[in-house]
Each structure stands twice: as C-alpha cells, then as structure tokens.
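Participant: Spelled out, the chains give:
2 protein chains.
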Amino acid sequence: MRAVLVVGTGLIGASVGLALKAGGFTGEIAGWDASAAELAEALRRGAIDRALESREAVLETDAEVVVLATPVLPILDWMERLAPRLKSNQLVTDVGSTKGEIAMQARRLFGQPERAAFLPGHPMAGKESGGAAQAEATLFENAVWLFTPSAGEPQSGDVWREAVRSFGARVREIDPQQHDEVCAWVSHLPQMLSTAISALLEDEFAADTEAMAAVQAIGGRALREITRLGCSPYSMWRDIALTNTEAIAATLWALEQRLAYVRENLRTPELRDEFARANRFRTAPRG
Amino acid sequence: MRAVLVVGTGLIGASVGLALKAGGFTGEIAGWDASAAELAEALRRGAIDRALESREAVLETDAEVVVLATPVLPILDWMERLAPRLKSNQLVTDVGSTKGEIAMQARRLFGQPERAAFLPGHPMAGKESGGAAQAEATLFENAVWLFTPSAGEPQSGDVWREAVRSFGARVREIDPQQHDEVCAWVSHLPQMLSTAISALLEDEFAADTEAMAAVQAIGGRALREITRLGCSPYSMWRDIALTNTEAIAATLWALEQRLAYVRENLRTPELRDEFARANRFRTAPRG
Chain A
1 MRAVLVVGTG
11 LIGASVGLAL
21 KAGGFTGEIA
31 GWDASAAELA
41 EALRRGAIDR
51 ALESREAVLE
61 TDAEVVVLAT
71 PVLPILDWME
81 RLAPRLKSNQ
91 LVTDVGSTKG
101 EIAMQARRLF
111 GQPERAAFLP
121 GHPMAGKESG
131 GAAQAEATLF
141 ENAVWLFTPS
151 AGEPQSGDVW
161 REAVRSFGAR
171 VREIDPQQHD
181 EVCAWVSHLP
191 QMLSTAISAL
201 LEDEFAADTE
211 AMAAVQAIGG
221 RALREITRLG
231 CSPYSMWRDI
241 ALTNTEAIAA
251 TLWALEQRLA
261 YVRENLRTPE
271 LRDEFARANR
281 FRTAPRG
Chain B
288 MRAVLVVGTG
298 LIGASVGLAL
308 KAGGFTGEIA
318 GWDASAAELA
328 EALRRGAIDR
338 ALESREAVLE
348 TDAEVVVLAT
358 PVLPILDWME
368 RLAPRLKSNQ
378 LVTDVGSTKG
388 EIAMQARRLF
398 GQPERAAFLP
408 GHPMAGKESG
418 GAAQAEATLF
428 ENAVWLFTPS
438 AGEPQSGDVW
448 REAVRSFGAR
458 VREIDPQQHD
468 EVCAWVSHLP
478 QMLSTAISAL
488 LEDEFAADTE
498 AMAAVQAIGG
508 RALREITRLG
518 CSPYSMWRDI
528 ALTNTEAIAA
538 TLWALEQRLA
548 YVRENLRTPE
558 LRDEFARANR
568 FRTAPRG
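First to last, the protein sequences are chains A and B.
If you use the numbering used here, the first sequence corresponds to residues 1 to 287, in order.
If you use the numbering used here, the second sequence corresponds to residues 288 to 574, in order.
Source of the hints: derived by calculation from the structure; they are not laboratory data.
Some hints could be false.
Stretches of chain B that chain A covers, calculated by requiring three or more beta carbons in the stretch to come under 8 Å of a beta carbon on chain A [stated by the list, open to error]:
#: 1; stretch: 476 to 486
#: 2; stretch: 504 to 513
#: 3; stretch: 544 to 550
#: 4; stretch: 558 to 566
Away from chain A, derived, C-beta distances all over 10 Å, residues of chain B [to be verified]:
#: 5; residue: G311
#: 6; residue: A338
#: 7; residue: T348
#: 8; residue: Q392
#: 9; residue: S437
#: 10; residue: V446
#: 11; residue: R448
#: 12; residue: Q465
#: 13; residue: A494
#: 14; residue: R554
Computed beta-carbon distance windows for the label pairs [claimed, not checked]:
#: 15; chain 1: A; residue 1: E53; chain 2: B; residue 2: T425; range: 49 to 59 Å
#: 16; chain 1: A; residue 1: A207; chain 2: B; residue 2: E551; range: 53 to 63 Å
#: 17; chain 1: A; residue 1: D203; chain 2: B; residue 2: R331; range: 42 to 52 Å
#: 18; chain 1: B; residue 1: V458; chain 2: A; residue 2: A211; range: 17 to 27 Å
As the structure is a prediction and not an experimental result, all values here were calculated from the model.
Cβ coordinates follow ideal geometry from the N, Cα and C atoms, glycine included.
Just need the whole structure built from these sequences, with the hints factored in.
Facilitator: So, in structure tokens, the structure goes:
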C-alpha cells in the first residue's frame with residue numbers, strides 16, 4: 001500500500017488519515033470532499049497530504065486503496081462512478097453505516113475481471129458532532145471495525161484489514177443483512193430515540209424559559225446520556241434511514257409497544273419482572 | 288448540629304455520612320438500615336460511627352438532624368412513626384425521589400407546635416447500582432440538591448442546607464408538584480426507557496447466543512448509555528412509579544407517540560425537521 005485516497009474528509013475520513021500516519025504509514029494520503037472547508041481543514045490538520053481539485057481527479061486516482069468515507073448515498077454514487085474507471089490492482093473500501101445495499105452493489109459492480117475489488121466496512125466509532133475538526137488519530141482504538149465481504153473477495157482486502165488493526169481497532173466479519181439488523185438495534189434505534197426525546201423536550205419546554213431552566217438544571221447524567229445523540233447531523237442519518245428503513249421501523253415499533261407495556265404496569269408487579277429482565281440484560285454473563 | 292441519624296445506609300445514606308465527615312463534621316453519625324448487611328457495611332466504611340440496634344432506637348433518637356435515606360414508601364412510613372416521637376428542636380429531612388406525597392405528609396405531620404420540623408429534599412445524584420459499598424464522599428459534588436419546603440418552614444432547615452453545600456452540592460428550591468413533573472421528564476422517563484429497552488433486548492436476543500454476542504460486540508457507547516440504567520434496582524423504582532404514576536405515564540405516552548411519528552417519517556422530510564428540533568434542544572443557548 002503506497003498511496004491512499006480518502007473520499008469524504010469529515011470526522012471518519014480525516015480520522016482514518018490521522019490514524020494511518022500515527023500507525024506508521026509513510027505513503028501519500030490524498031483527499032477529496034464536496035465541502036471545500038472540510039477538505040481544507042483535513043489538509044490543515046495533516047489528515048491528508050494533498051487535496052484533489054475535482055471529482056474528476058477522484059476517478060483518475062491510481063491509489064492502491066480508495067476509502068469512501070461519505071454518508072451512504074454518496075458512497076453508492078461513488079461506487080457507480082469508480083467501478084468502470086479503476087483498475088484490478090486497486091481496492092475500494094467504505095465506512096458506510098448500513099451495509100445491505102452497499103454489499104449488493106459491490107457484488108454487481110466490483111470484483112469482476114479487469115475491475116477493482118471492493119471490501120464493505122463499518123467502523124463502530126464516531127462522535128455526536130462531525131467534521132474534520134473533530135478528527136482524532138485514536139478514534140478507532142478499541143472500536144470494532146466490521147467487514148461484510150462477499151464470497152469471492154480477493155486477497156487485497158487483507159492489506160486494508162492490516163491497516164485497520166494498526167489503528168487499534170478489532171476486526172470482525174459479519175453478514176451484511178445481519179449487520180443491518182444488529183445495527184438497527186444497537187445504533188440506529190438509540191439515535192432515533194435520542195432524536196425523538198430531544199425534539200419532544202424542545203417542543204415541551206422551549207416556550208417556557210423557567211421550566212426549561214429547571215429541566216436543564218435538574219437533569220443529570222441520565223438526561224445527558226439519553227439526549228447526547230440529539231445533536232447528530234441529519235445529513236448522515238437521512239441515508240441510514242433510507243437504506244435500513246424496515247429494520248429501524250421494526251425496532252421503533254417494538255420499543256413503542258414496550259413503553260406502552262411499562263406505562264400500563266407502573267402500579268403492578270409486572271414492573272418488577274420488567275426490571276428483572278433488564279437487570280439480566282445488563283449483568284448476565286454471555287458466551 | 289451535634290449529632291445526625293441516617294435512616295437507610297445504602298448508597299445515598301452512606302454517602303451522606305462520608306460527605307459529612309469529609310466536610311469537617313465532627314459530631315456523631317448514627318445509622319440504621321433494615322438490612323443488617325448494609326448497616327454493617329456502612330459502619331465498616333466509616334460512613335456512620337454507630338449502628339442502632341432496632342427500629343425502636345430510631346424513634347428514641349435525640350439527633351438534631353434525622354436524614355431519611357430509604358425509598359419513598361419507607362420514608363412515608365418513618366414520617367408517620369417519627370412525627371409523634373421527636374421534639375421541636377429536631378429536624379427531619381429526606382432524600383426521596385418524588386416529593387408530592389412527602390411534602391403533603393410533611394405539612395400534615397410536622398412543623399406544628401411541639402413537633403419537629405421537616406425539610407423535603409432530593410439530591411440529583413446516584414449510581415446505577417446501589418448499596419453502601421458504592422458510597423462516596425464526593426457523590427454530591429456539583430450535583431443539584433433540590434428542596435421543596437412548605438410556606439411555614441422553620442429556620443432549622445438552614446443547618447441542613449449548609450451541610451449540603453459543604454458536600455459541594457448546589458441547593459435549589461422548587462415547588463413539589465413541579466419537582467415531580469420535571470423529574471418525570473429528566474429522571475423517571477430515562478429510567479423507564481432504559482429498563483424497557485434493556486428488557487426488550489433481553490427478550491429479543493437472550494435465546495440466540497450468537498446474535499447476543501454480536502449485539503454486545505458491536506454495541507458501542509450509544510448502546511451502553513441507553514441501557515446503563517437497566518441494572519437499576521426495582522426496590523427503589525417501585526416507590527417512584529407508585530408515587531408519581533400520572534406524570535410518568537404522561538411522559539411515556541408522549542414518547543410513544545413521538546417514536547411512532549419518527550417511524551412513520553423515516554423516508555420523509557419530516558425527519559429532517561425532527562433532527563433540527565433535537566439539535567436545537569442540545570445546542571440552543573438558554574436564558
């Protein structure tokens with residue numbers, strides 16, 4: 001791996017650049033972002049060595065590894081554009097938050113004779129606010145980095161897995177469908193919940209300055225944790241909602257039913273059993 | 288304040304004892320707990336100087352300040368028993384999580400001629416697991432300690448406010464009704480939500496070892512935060528659910544409706560507006 005191109009130099013893309021350098025990578029890291037400000041910030045922070053000047057320059061890259069680090073819909077778009085242009089010695093990987101559509105499109109467009117290889121990936125790391133300014137070389141330390149390779153995956157993916165391990169991340173392979181279902185539970189549901197409860201509190205209290213002051217003064221760690229993701233950007237989550245709609249809707253529906261059950265049992269012994277089940281989830285030894 | 292009696296030497300009661308000593312209080316701290324193990328642990332940790340031997344000994348106390356640090360129903364019970372036994376130079380205060388019923392009962396039983404004074408209180412501090420073993424002298428540092436005094440409150444409350452300030456807590460006065468409504472939003476709803484989602488995940492994945500392993504391996508900070516309170520003890524929350532049922536049910540109902548709204552709009556521009564409202568809650572400068 002002599003050269004890497006990072007497409008999308010926001011929080012994750014710029015952190016990949018910083019982590020590559022911290023891990024001893026001495027090749028060139030080029031970057032491109034639709035936002036000139038994000039691109040400039042990534043360059044200023046040393047996350048990339050060189051900023052490409054146009055979308056066309058991305059398609060002409062001869063980097064051994066191209067990392068697509070945009071939201072999911074632009075990833076799908078870049079895949080369409082890159083597939084006919086790249087060469088068979090090149091590897092494309094991504095960091096998209098949903099994997100079903102990306103893995104399907106990877107099978108359709110990549111890994112064929114004369115075409116580049118594609119390794120779908122997803123680092124379970126991030127922050128509630130995005131942008132290159134928030135990037136850190138240590139963002140992936142101890143995080144799980146999921147890959148959803150298809151059956152005919154070429155050897156070249158191992159180069160990137162090795163890089164990911166050098167970031168301090170733990171590599172784990174998973175089926176794309178299972179990825180999207182599990183992520184609906186452990187990531188997408190918490191996000192939608194945090195958004196819903198933050199928006200609800202805003203509607204409930206924003207017009208009453210005194211009550212909002214009380215909410216913010218009295219609210220402690222529980223409130224902070226449960227609303228922390230309320231500042232997540234729509235731009236990223238729109239694509240997740242669009243590409244994993246059914247699985248997310250199923251988890252939301254299940255939670256709605258469960259909250260209704262708790263509400264109807266606030267004064268019955270069923271609440272005790274519900275606490276016992278929750279206690280087991282948090283404390284039962286697994287595996 | 289020469290002597291203090293702590294009734295209920297679990298996490299909060301034992302932390303009160305440790306905080307009193309850390310703040311320079313040199314009088315005697317006596318303690319009582321229905322659990323002999325909790326009482327012994329509080330004594331072993333130095334949170335109390337002396338363990339009372341019976342419930343009757345509690346009723347015979349001549350401590351200037353009696354701190355009721357049990358769940359809400361036993362607090363109400365101790366109030367009934369203590370009111371006819373204590374003297375007018377004594378102050379009773381509590382740390383109960385709901386204040387409506389306690390404040391009402393305080394007006395009925397205390398603050399009359401020949402009777403002790405009562406100052407209803409509620410420190411916004413805690414941990415997801417209880418017990419004297421978890422107690423810390425610094426538990427209340429930078430926490431808000433709410434008081435819901437009634438109109439005819441005697442001066443003696445100021446002694447306890449002073450002690451609370453010496454713990455590093457910020458004293459704030461609030462109407463008991465408003466206390467219970469705000470706490471339903473910032474504390475009780477997050478707890479019921481964390482319990483519901485933890486119980487839901489337990490039901491969904493406990494029978495499938497491989498899927499549960501994936502959930503726990505892939506789940507990061509968002510999952511941990513949103514399920515952290517899943518290990519809270521029913522024993523404490525039963526009393527909160529029983530004494531603030533209506534307000535908690537109203538917040539649960541509102542959240543159910545809001546989650547349904549998000550679910551129905553995963554693919555529409557309404558989701559953008561919901562994220563914008565949530566962003567405002569997290570970032571808008573307030574009064």
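Participant: Now look at each hint and say whether the structure bears it out.
Facilitator: Going down the list of hints, with the structure as the test:
With 11 residues bearing a CB less than 8 Å from a CB of chain A, the stretch 476 to 486 of chain B meets the requirement of three and the coverage assertion stands. Counting residues of the stretch 504 to 513 of chain B whose C-beta sits closer than 8 Å to any C-beta of chain A gives 8, which meets the bar of three, so the coverage hint holds. Counting residues of the stretch 544 to 550 of chain B whose C-beta sits closer than 8 Å to any C-beta of chain A gives 6, which meets the bar of three, so the coverage hint holds. Coverage of a stretch by a chain is defined here by at least three residues with a beta carbon nearer than 8 Å to that chain's beta carbons; for the stretch 558 to 566 of chain B and chain A the count is 8, and the condition holds.
Non-interface status of B/G311 relative to chain A is upheld: no Cβ of that chain comes within 10 Å, the nearest being about 26 Å off. Every beta carbon of chain A lies more than 10 Å from that of B/A338, the smallest distance being close to 29 Å; the non-interface claim holds. Every CB of chain A is more than 10 Å from the CB of B/T348 (nearest about 31 Å), matching its label as outside the interface. Non-interface call for B/Q392 relative to chain A: holds, since the shortest CB-CB distance, roughly 19 Å, exceeds 10 Å.
The non-interface label for B/S437 is consistent with chain A: the shortest C-beta to C-beta separation is roughly 19 Å, beyond 10 Å. Every C-beta of chain A lies more than 10 Å from that of B/V446, the closest at about 24 Å, which supports listing it as non-interface. Annotated as non-interface, B/R448 keeps its C-beta farther than 10 Å from every C-beta of chain A; the closest such distance is 17 Å. Non-interface status of B/Q465 relative to chain A is broken: a Cβ of that chain comes within 10 Å, the nearest being about 7 Å off.
Every CB of chain A is more than 10 Å from the CB of B/A494 (nearest about 12 Å), matching its label as outside the interface. Annotated as non-interface, B/R554 brings its C-beta within 10 Å of a C-beta of chain A; the closest such distance is 6 Å. In this structure, A/E53 and B/T425 meet the distance hint of 49 to 59 Å, their C-beta atoms being roughly 55 Å apart. Look at A/A207 against B/E551: about 25 Å separates their beta carbons, and that is not inside 53 to 63 Å.
At roughly 49 Å, the beta-carbon separation of A/D203 and B/R331 lies within the given 42 to 52 Å, and the hint holds. Checked against the given bound of 17 to 27 Å, the beta carbons of B/V458 and A/A211, roughly 19 Å apart, stay inside it.
Going through the hint list in order, the structure does not satisfy hints 12, 14, 16.
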